[in-house]
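With the sequences and hints as input, model every part of the structure.
Here the protein sequences line up with chains U and R, keeping their order. So in the numbering used here, spot 43 of the first sequence is number 43, and the numbers just go up one at a time. So in the numbering used here, spot 99 of the second sequence is number 1099, and the numbers just go up one at a time.
Source of the hints: derived by calculation from the structure; they are not laboratory data. These figures come from a predicted structure and were not determined experimentally. Some hints here could point you the wrong way.
Distance ranges between label pairs, derived from CB positions [claimed, not checked]:
| hint | chain 1 | residue 1 | chain 2 | residue 2 | range |
| --- | --- | --- | --- | --- | --- |
| 1 | U | Ala-49 | R | Gly-1075 | 44 to 54 Å |
| 2 | R | Thr-1043 | U | Ser-71 | 29 to 39 Å |
| 3 | U | Ala-49 | R | Asp-1104 | 36 to 46 Å |
| 4 | R | Lys-1052 | U | Glu-72 | 54 to 64 Å |
| 5 | U | Gly-75 | R | Ser-1026 | 19 to 29 Å |
| 6 | U | Glu-111 | R | Thr-1043 | 44 to 54 Å |
| 7 | U | Glu-65 | R | Asp-1180 | 33 to 43 Å |
| 8 | U | Tyr-101 | R | Ala-1049 | 51 to 61 Å |
Below 35 Å or equal to it, Euclidean Cα-Cα: the simulated DSBU-like pairs (lysine-lysine) are [stated by the list, open to error]:
| hint | chain 1 | residue 1 | chain 2 | residue 2 |
| --- | --- | --- | --- | --- |
| 9 | U | Lys-7 | U | Lys-22 |
| 10 | R | Lys-1007 | U | Lys-186 |
| 11 | U | Lys-169 | U | Lys-136 |
| 12 | U | Lys-169 | R | Lys-1175 |
Note that beta-carbon positions come from the ideal geometry of N, C-alpha and C, so glycine has one too.
There are 2 protein chains.
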Amino acid sequence: MNTGAFKLTIHMVSSLDGFIAKTDNSISWFETVDYYEQGITLTEQDTAAFLKSIDCYVMGYRTYEHALKLSESYGWVYGDVPVIVITHRNLPVNPQNVEFYSGDLNTLVDERLKSNYKNVWMAGGATLAKELILLKLADDIRLSIMPIILGEGKLFFDQIGQEQALHLKNVTAYKNGIVDLHYEIKHSKTDLIH
Amino acid sequence: MNTGAFKLTIHMVSSLDGFIAKTDNSISWFETVDYYEQGITLTEQDTAAFLKSIDCYVMGYRTYEHALKLSESYGWVYGDVPVIVITHRNLPVNPQNVEFYSGDLNTLVDERLKSNYKNVWMAGGATLAKELILLKLADDIRLSIMPIILGEGKLFFDQIGQEQALHLKNVTAYKNGIVDLHYEIKHSKTDLIH
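This is how it looks when you write it as structure tokens:
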């Protein structure tokens, strides 16, 4: 049982031109080389503490497939943290702690996530991000912008079709040229005043 | 005659989801209200000094039309700085210091801009930005990200169709929640090492 506020954070990695995946799904652009003098570097301890704070991952089916493919080379990046894959497909569950969910997203968040977890990360993709924002189920957005223009691919937020005001919470620039932007999703007019 | 290095900077204002204009061209989203405690505020002197450093603006026809429309309410934002509008149309020139150019972009930059100016800003739009990047005529990109998801509209860089590595030069977050990202466009492999 958790105490404290529940938070569902949408986390995406994108190019400067707003793409989260190339059309051919190649991922070499994630390894873009840059050096930003004023940037910070996370220690292994920082990273470990950060990852430890996440107690559940939610993702779409394609993001899961992608993570599975990556795991062949880099191992399963979500460790032993529970992963819930939103899909209507019925598939063998490969890694431990992975389960599939095919029901309503409101029910998932209100009945399943809120009673069990505190810090849930939505790790992709664009369609699920769009649905969570439109249903007002997401609290925060964290966008990691890579120092590259991709030129084509899958757009984050998938042309969501609705305006949504944001509140900037934090900006972090790293030595490798990645910029993390952290926003809170404003859910009412009163959120405008902080 | 200028001394020092010539620089052509592409400057765009976009939403977090990468749109630089709404489909209906409405601009109220530019007035998005946010408050970011850790952000900085520019003084009038800072702004004046910054604007003074720009010695020529280049823009596409729609951006010009947009600026003309805005000038009815806010005045002509480019002051007495020369403005070159890239267009094949033949139109009456309204404000002073505005001229139209319909020729080759390489010629514009190499023969016209480089010999007269030092700090040229490309103020929009997406199509011109795309052409300047593909022709390798642009040096820097400055993107001002507003704290809003627009959901639809015109994408910056207009699906440029080609990868382009960038070097992060600076990140500035403002009190009003706008984040400015400043990148150098890498034009060769050797640019990767700084």
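Mind checking the alpha carbons of Lys-7(U) and Lys-22(U) for me, to see if they're no more than 35 Å apart?
holds, 29 Å
Is it true that Ala-49(U) and Asp-1104(R) lie within 36 to 46 Å of each other by Cβ?
violated, 55 Å
Lys-1007(R) and Lys-186(U): Cα distance at most 35 Å?
violated, 38 Å
Taking the CB of Gly-75(U) and the CB of Ser-1026(R), does the distance hold inside 19 to 29 Å?
violated, 48 Å
Take the C-alpha atoms of Lys-169(U) and Lys-136(U), compute the straight-line distance between them, and say whether it is at most 35 Å.
holds, 18 Å
Has the hinted range 44 to 54 Å been met by the Cβ atoms of Ala-49(U) and Gly-1075(R)?
For Ala-49(U) and Gly-1075(R) the Cβ distance comes to about 51 Å; the hint holds.
Confirm or reject the claim that Tyr-101(U) and Ala-1049(R) have a C-beta distance inside 51 to 61 Å.
At roughly 55 Å between Cβ atoms, Ala-1049(R) and Tyr-101(U) fall inside 51 to 61 Å, so the hint holds.
33 to 43 Å was suggested as the range; check whether the CB atoms of Glu-65(U) and Asp-1180(R) agree with it.
holds, 36 Å
Given the hint that Lys-169(U) pairs with Lys-1175(R), test it: the Cα-Cα distance must not exceed 35 Å.
Holds, at about 11 Å.
Is 54 to 64 Å a correct range for the gap between the Cβ atoms of Lys-1052(R) and Glu-72(U)?
holds, 56 Å
Can you tell me whether the CB distance of Glu-111(U) to Thr-1043(R) sits inside 44 to 54 Å?
Given range 44 to 54 Å: holds, Cβ gap about 52 Å.
Verify the CB-CB distance for Thr-1043(R) and Ser-71(U) against the hinted window 29 to 39 Å.
The hinted range 29 to 39 Å is violated for Thr-1043(R) and Ser-71(U), with Cβ atoms some 52 Å apart.
Violated hints, listed in ascending order, are 2, 3, 5 and 10; each of the other numbered hints is respected by the structure.
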